[in-house]
Every structure is written in C-alpha cells, then in structure tokens.
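Protein sequences appear in the order of chains F and V. By this note's numbering, the letter at position 31 of the first sequence is numbered 31, and the numbering carries on one by one without gaps. By this note's numbering, the letter at position 81 of the second sequence is numbered 81, and the numbering carries on one by one without gaps.
Simulated from the structure, these hints should not be mistaken for lab results. In this text, all values refer to a predicted model and were calculated from it rather than measured experimentally. One or more hints might be untrue.
Just so you know, same-sequence chains aren't split out, so a pair can sit in one copy or run between any two.
[What the hints assert, rightly or not] In silico lysine to any residue, SDA-like type, Cα no more than 25 Å apart, as pairs: (1) Lys95 to Glu81; (2) Lys110 to Glu33; (3) Lys120 to Asp59; (4) Lys95 to Asn9.
2 protein chains.
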Amino acid sequence: MKNILKDRNIVGLHMIGDLQNCDPTFLSSLKVEDLKQRVSLLIKMHGFIELGSYYHQFDVGVTGVISLSESHVSIHTWPREGYVSLDVFICNYTKDNSQETKLLFNDLTKLFDPGKIIKKEVQRYFKNN
Amino acid sequence: MKNILKDRNIVGLHMIGDLQNCDPTFLSSLKVEDLKQRVSLLIKMHGFIELGSYYHQFDVGVTGVISLSESHVSIHTWPREGYVSLDVFICNYTKDNSQETKLLFNDLTKLFDPGKIIKKEVQRYFKNN
C-alpha cells in the first residue's frame with residue numbers, strides 16, 4: 001500500500017494528554033477488563049484497527065499499550081494522584097486522520113472524567129525540510 | 001509504594017523521536033523477533049522492568065508497544081520512507097529517571113542508525129500549578 005497523501009512528509013498527529021484531578025476512588029476501582037473493553041470499542045467506533053494490546057493491573061492502577069494498524073494508544077492510571085497519562089498517535093498513511101485522532105483522544109479522556117486536561121499536539125514527520 | 005520524590009508534580013520524561021534517513025533496506029529486513037530481543041535487552045540494561053509487549057510484523061515494517069513498570073516504549077518502522085517513530089516514556093515514581101530515560105532513548109535510536117533525529121522532550125505532570 002502506497003502513501004497517497006499529498007504531503008508525504010507528515011507521518012501523523014500524536015496527541016499527548018495529562019489528565020489531572022480525576023476521581024481517585026474511580027481510578028482505584030477501574031479494572032483492566034473494563035478499561036480494555038471500553039478502549040477497544042472507542043478505537044473501533046472511530047474507524048481504527050486494533051492489532052493487539054498488553055494491559056497490566058497494578059495493586060493500585062492499570063496500564064495499557066494498544067497497537068493499531070495506524071500506530072498506538074497508551075494509558076497509565078495513577079489513582080493516588082488522580083492522574084492518567086493518555087497518548088493517541090495515529091498515522092496518515094492512506095488519508096489525513098488528524099480530525100478523527102482528536103475525536104478519539106477526546107472520547108478516551110471522557111472515560112476518566114478529568115477535572116483538568118493538559119494537552120499537547122505533536123506533528124510527527126518523515127522528513128523535516 | 002509511595003511516591004518519594006520531592007517534586008510530586010512531575011510524572012516523568014517522555015522522549016519523542018522522529019528517526020529520519022534510516023536505511024530502507026535495513027528497515028525492510030528487520031524482523032519482529034530480532035527487534036524484540038534487542039529492545040528488551042536495552043530496557044533491562046537501563047534498569048527498567050518490562051511487563052509485556054505486543055509486536056506485529058507488517059508486509060513492510062514492524063510495530064511494537066512495550067509496557068514497562070515505569071510506563072512504555074513504542075516503535076513503528078516505515079521502511080519505504082526510511083523512518084522510525086520512537087517514544088520512551090519513563091515515570092519517576094521512586095526516583096528521578098530522567099537521565100536514564102535519555103540514555104535508553106539514545107541506545108534505542110542506535111538500533112536504526114538514523115541520518116537525522118528530530119527529538120522532543122516532554123515533561124508530564126500530575127499537576128500544573
């Protein structure tokens with residue numbers, strides 16, 4: 001499959017989220033199987049293809065890395081700190097996925113109901129002119 | 001385990017790399033099992049704990065997401081474009097891992113011998129004052 005985008009220098013958009021002021025009780029009660037099911041559903045809803053994943057339940061908190069045809073999603077929860085780190089990196093191999101990337105990121109943040117979100121949008125490049 | 005760092009607001013350092021001008025022939029020949037073995041060894045050498053991973057071999061290129069006790073590593077190769085995306089996100093839960101994070105990132109970049117590296121250092125925060 002060839003890269004059919006006009007601007008071949010842009011790999012895709014990487015959304016980085018520090019989700020702060022989440023409810024520690026909710027984060028503590030969150031189980032891997034619940035999170036996995038919700039995340040997979042959102043990935044599918046937004047038209048991306050999950051290849052596989054690895055999730056782990058800590059004594060306190062969960063962590064998950066999800067491999068997509070279009071790159072990856074990662075989630076780490078820190079219940080004591082009311083914090084979740086969220087990354088959504090989606091490549092543009094066959095079309096510009098930037099808007100859908102933002103929508104998936106937003107839907108994933110809603111799973112954790114954060115009081116505050118520190119968000120960064122990082123464009124990734126094949127080549128920098 | 002409690003967070004014993006003085007500055008409890010810093011989660012950790014996230015290193016983002018766009019590895020450009022890699023050898024397409026080398027990237028095309030790279031197999032998941034080789035990459036997995038090399039990456040796991042470097043993670044261990046730098047004192048981090050791999051919990052598990054998911055790797056996938058595309059027709060052209062490989063992708064891997066690696067779950068660590070200290071957060072994650074992700075790698076996606078694009079042989080045709082001579083490009084690799086590399087992320088190393090290491091938290092500071094029990095100590096400041098920033099220097100070791102940079103060393104792991106540098107060692108991982110060497111696996112791909114890129115002609116050019118576009119590097120971003122993103123501090124992640126529990127709280128932003």
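Name the hints, by number, that the structure is in violation of. Structure breaks hint 3 only.
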